[in-house]
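Q: Read off the chains here:
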Amino acid sequence: MRVNGTSYPAPIDARRLLSDHLRHDLGLTGTHVGCEHGVCGCCTVLFDGAPARSCLMLAVQAEGHDVTTIEGLARDGGPLHPVQRAFHECHGLQCGFCTPGFVMSVVGLLKQNPSPSPDEIDEGISGNLCRCTGYASIRRAVARAAELSNQ
Amino acid sequence: MPRRRHRRRLKPAPFEYHAPGSVEEACTLLGSLEDAKVLAGGQSLIPLLNFRLARPAHLVDINRIEGLDRIYERDNGIAVQALARQSAVEDSDLTLRVCPLLVDAVRLVAHRVIRNRGTVCGSLAHADPASELPAVLLALEGHVVARSTRGERTIPAAALFSGVMETSLAPDEVLVEAWFPASPVPSAIVEESRRHGDFALAGAVRAAGRLALFGVAPTPVLADPKDPTRGLQPSGDLEATPEFRLHLVKVLTERAFAA
Amino acid sequence: MTTRWFGARVQRKEDDRLLRGHGRFTDDIEGGALESVLVRSPYAHARIRSIDVSAARDVPGVAAVYIAADLPFGSTDLPILIPHPNLTHGRTQRCLASEVVRYAGEAVAFVVAESRAVAEDAAELVEVDYEPLPVVITPEASARAERLVHDDVPGNVAAEMKQEVGEVDAALAAAPRRKSLRLRFERGAAAPMECRAVWARWSSDDKKLTVYDSTQSPTSIRGGLAVLFGLPESSVEVIAPDVGGGFGPKIMLFYPDELLVPFAAMQLGRPVKWTEDRQEHFTAVNQERGQVHEVEVGFDDEGKLLALSDEFIHDAGAYTPYGIILPIITAAQIPGPYRVPNYRVRFRDLYTNATPTSPYRGAGRPHACFVMERTLDAIAAELGLDRVEVRRRNLIQPDQFPYEVGVAWQDGNTVIYDSGDYPALLEKAVALLGPRPEGDHVGMGIGVYVEGTGVGPYEGAHVQVLVSGKVVAATGIPSQGQSHATVWAQVVADELGVDVADVEVTSGDTRRFPWGVGTFASRGAVTAGNAMGVAARLVADKARRIAAEHLEADAADMELVDGQVRVKGSPGRGMPLAAVSVLANPVRYAFGGGTEAATQFTARPRPGPPLADGEQPGLEATGYYSPPGSTWASGCHAAYVRVDPKTFRLEILKYVVVHDCGRVINPMVVEGQIEGGVAQGIGGAFYERLAYDDEGQLRNASFMEFLMPYATEIPSIEIDHIETPSPLNPLGVKGAGEAGVIPVGAVIGSAVEEALGVPITEMPLSPLRLYELTEARS
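Chains U, D and C supply the protein sequences, listed in that same order.
Everything in the first sequence is counted per my numbering, starting at 18 for the first residue and increasing by one.
Everything in the second sequence is counted per my numbering, starting at 139 for the first residue and increasing by one.
Everything in the third sequence is counted per my numbering, starting at 175 for the first residue and increasing by one.
To be clear, the hints were calculated from the coordinates, so they are not data collected in a lab.
Any given hint could be a false lead.
Have a look at the derived ranges for each label pair, beta carbon to beta carbon [what the hints assert, rightly or not]:
id, chain 1, residue 1, chain 2, residue 2, range
1, D, Glu-304, C, Ser-289, 35 to 41 angstroms
2, D, Leu-360, C, Arg-520, 56 to 62 angstroms
3, C, Asp-736, U, Pro-135, 40 to 46 angstroms
4, C, Glu-305, D, Pro-380, 54 to 60 angstroms
Straight-line C-alpha distance at most 27 angstroms; calculated BS3-like pairs for lysine-lysine [claimed, not checked]:
id, chain 1, residue 1, chain 2, residue 2
5, C, Lys-742, C, Lys-644
6, C, Lys-478, C, Lys-353
7, D, Lys-364, C, Lys-820
8, D, Lys-175, D, Lys-149
9, C, Lys-820, D, Lys-388
10, C, Lys-336, C, Lys-478
Every residue gets a Cβ at the ideal spot worked out from N, C-alpha and C, and that includes glycine.
Build out the structure end to end from the sequences listed, making use of the hints.
A: As structure tokens, then:
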């Protein structure tokens, strides 16, 4: 499987969840685990470019596919992706635990809908839980990310 | 003396994993393996595996099968193959033209991220009483196509859902396609849930004069729009008592038929 | 000092690495650690007849299986963190239960293995022979005391406390009008996004125990581990790395894993780690919010409060590690921002066979606010008065500070409000709320609250200017999202006249700063913030002295601006702060970095020893701040809601907050705290509850059934603020961490009551509950 453009072997144990494989076998700990039943969104990655919950996939399912994690957005200390920049500008994170999942979801959202309305923003981020921000700053971050991406 | 088992952590129990490359291969596997489950979208199955509420000995992952993800028009309806993702149906102009009720229903399923992986056929095979798509199939009088080593058969919606998360699919059958007739005008789907994207406490699907309810019985059920709660014995849970469900049925039916 | 950074919306220094996925949360740490699993009781109350771990121990790959008998501290009761004379029957659990379990989730055995999967396999083989005992679940059932949680605690009463100000009975008897209310709160949970985790390593070479813990108080954990393991504190290091939300329950001594993981690491000579999963988290981690109140209020025809009596019971859970802080806070905060000339509060802290309770954001204040606000609403309804007007008539006025309430506060003092302007909060909130939206089934809610913040005993900070001119600072209290690294940097940067980008703050690492208490109770800005200010000021003073001597000027004439120390009014006469740092450490051997300037033949000769009497080397200082008492923040929330009369769905049409947390270091951070608090408040008002069944099993231990709101359920809110600086601390700040959550239940409850016309006396609400209340009324 390819993760952030690099090829890795798939795990031997078929029951290894993709989230655990990324975190513990590949050392990519930016993807977080909040619930392991698909509700909180902390584990969201891009699977062939579309947001997917990595806790609801077996790692073997990623064989032959492209996975992008949060580490794959701004490579090697390079400039932040517009979505990351927007979250920073708008104070869209506090503890940072839900943030990678949100960022990947928003990257997917803006790919699908580059200029979302406020309702579409709410709809688009409605699958991710945050306990710190109360979502208001995240809404602002998504709108800002759309601006930055469309520049 | 009751010895309660230690609750295991959220990881699947051991299983043997198979990834067939064709429907034939999948059918052969299902025909020869004891206690096997099909893995398509995984959005319903994998949480069950994680909680160990499902512990199949074998997992047959059909995601490697090519050419099984088409959405196409046939017989004045929309055919959705086994690996067509819910998000693909949601974005499908064809479906919007022919069966907009299905698009409306898919938009109510969980969240987009779940729909990116979840499949329409998977939702039907999973048959959660509170899910939308089985009720749409029922309201529209659609059918599914099931294949096994013994051949192929069509199962109409009325004969498909047999109980809570139970269908009349045989253990060795793969659901390869679902067919939804073109939705009549007017059609509507309405539901009440606690949070956006949650399973419905109760829901109603209107297809012209037909009414199908979900979330209020072990399977989706047809009901009389003028007396929708007759014969219903919904269960109760933390968020809705049977009485509240019956109340919601009346409210939702009214709303579905007001449009 | 400059005032460039204080009050500025400085963007966060923490963000870059968190956004790149380079955060370091405890479960991210591997280090070749063995993995572990806790075996927990499935019963809410049971006697343990035997535990057989032999099969578990035989599983290949298992390093150890521990039960209480294997632990040197196995028969030690864990500490009562906050003893109190009224806590006459405090009880705590042991690290691992061996005789009785008293809540479903209580830990019984600990399995350590090469991998989590193996540990789980072995855990399944641990055979515990339980004899189930009768359970007590609700606080009301506990009060009836037909069954006991602890055999030696009569009536299930851990503590009882009564306080009275004035003469309540006489005042009630003489009051023209009286009203009674019964108000009930279900249990709730903080549910941070990061579950708890611990990682530990023992180095026998260095005789050092290193522990990473998702905790809100590394210094307390370190102290406790040192005591329990008989180690000097200098041999124990505890670090809270990145922590994914705390909100209260991550401050505890000890969760069993916090002892077992270090113990196993010491025994096995290899690092050990433990991470809970979400389902486990629900019953393993402390909960809160269960209380039942019986209120009696006496008032006059103008709606003025004459007397208030509140008897309440608090659901302590199975044990009382946190003492009675929660009910003390509730008791203290019921009067709130209002004049209550005669006030009596009596509470009983009761045991139940459920997870122990300890503070969760708000910590007893939401209950207090709900009681007072619902009482005022009831008064308004009785008299046909406007609810806002009733509040106006009862608010403490700005010229009445300091205002003594006369009841005990959680820091051992009594409640004295130091400053505030409550009427201004109310008026501003009403103005911000604006006119009522059109439509039916719309209701308005309003709530005014006070919040005792900044409790002691103290916090400390260390600030150092490096020879490079960069500044490093450290404090003991960790962050779980409160932006400490940015906010403290602002304080220090102002004092030292440097750019905030040049100040690096470490918090929550006992290796960097070993003294302190923890992050809780809205105290960080007041205690650690002021400690940073004290330490930075000491550094600035020293810099002025050294530079003045070097430049042959007067220290009083020196200023720190733009990384320079210079003579006021003579910008040419100055030197870089970096150079001052070099001179602060007279050396024999230069080691680069400009230190040549401080060697014996280069430095300017001066009389006396190179290091003057009483002086310490380096441009660094340690400072402490110990508050004389809490400083009281306040605020007012108001909202319009609409309730669908058929589905009972709640729609929040508008939600406004006017808050006062004194001087604000970073308004962006404070607003974020408020927005987050309001969201938790809305969750706790309409979505979240912990549903225990009759056998003490939690029915909704998952995110599918414990309903935390998504963005679609939480509106954006409007925030305005006023500033009444605190007279109690040099920075003039007050705490803000819990403010967002405190009045939300009261506001939502009041608005829903108006919208639907049914009395609201409980939290949380839900469509089902509103349906039932509406049916009951008709």
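Q: Is it true that the CA of Lys-364 (chain D) sits at most 27 angstroms from the CA of Lys-820 (chain C)?
A: Given that 27 angstroms is the threshold and the Cα spacing comes to 18 angstroms, the pair holds.
Q: Compare the distance between the alpha carbons of Lys-336 (chain C) and Lys-478 (chain C) with 27 angstroms, and conclude whether the hinted pair is satisfied.
A: 24 angstroms, holds
Q: For the hint 35 to 41 angstroms, verify it against the beta carbon of Glu-304 (chain D) and that of Ser-289 (chain C).
A: 36 angstroms, holds
Q: Can you tell me whether the CB distance of Asp-736 (chain C) to Pro-135 (chain U) sits inside 40 to 46 angstroms?
A: Because 42 angstroms falls inside the window, the suggested range holds.
Q: Does Lys-478 (chain C) pair with Lys-353 (chain C) here, judged by a C-alpha cut-off of 27 angstroms?
A: 13 angstroms, holds
Q: Lys-820 (chain C) and Lys-388 (chain D) were given as a pair; does the straight-line alpha-carbon distance stay at or below 27 angstroms?
A: OK: Lys-820 (chain C) and Lys-388 (chain D) at ~10 angstroms, within 27 angstroms.
Q: Holds or violated: Lys-742 (chain C) with Lys-644 (chain C), Cα cutoff 27 angstroms?
A: 23 angstroms, holds
Q: Between the beta carbons of Glu-305 (chain C) and Pro-380 (chain D), is the distance compatible with 54 to 60 angstroms?
A: With a Cβ separation near 36 angstroms, Glu-305 (chain C) and Pro-380 (chain D) fall outside 54 to 60 angstroms, so the hint is violated.
Q: Between Lys-175 (chain D) and Lys-149 (chain D), does the CA-CA distance stay at or below 27 angstroms?
A: Answer holds: Lys-175 (chain D) to Lys-149 (chain D) is near 17 angstroms, not above 27 angstroms.
Q: How does the Cβ-Cβ distance of Leu-360 (chain D) and Arg-520 (chain C) compare with 56 to 62 angstroms: does it lie in that range?
A: This hint holds: roughly 59 angstroms between Cβ atoms.
Violation of the numbered hints given earlier is confined to hint 4; every other hint is satisfied by the structure.
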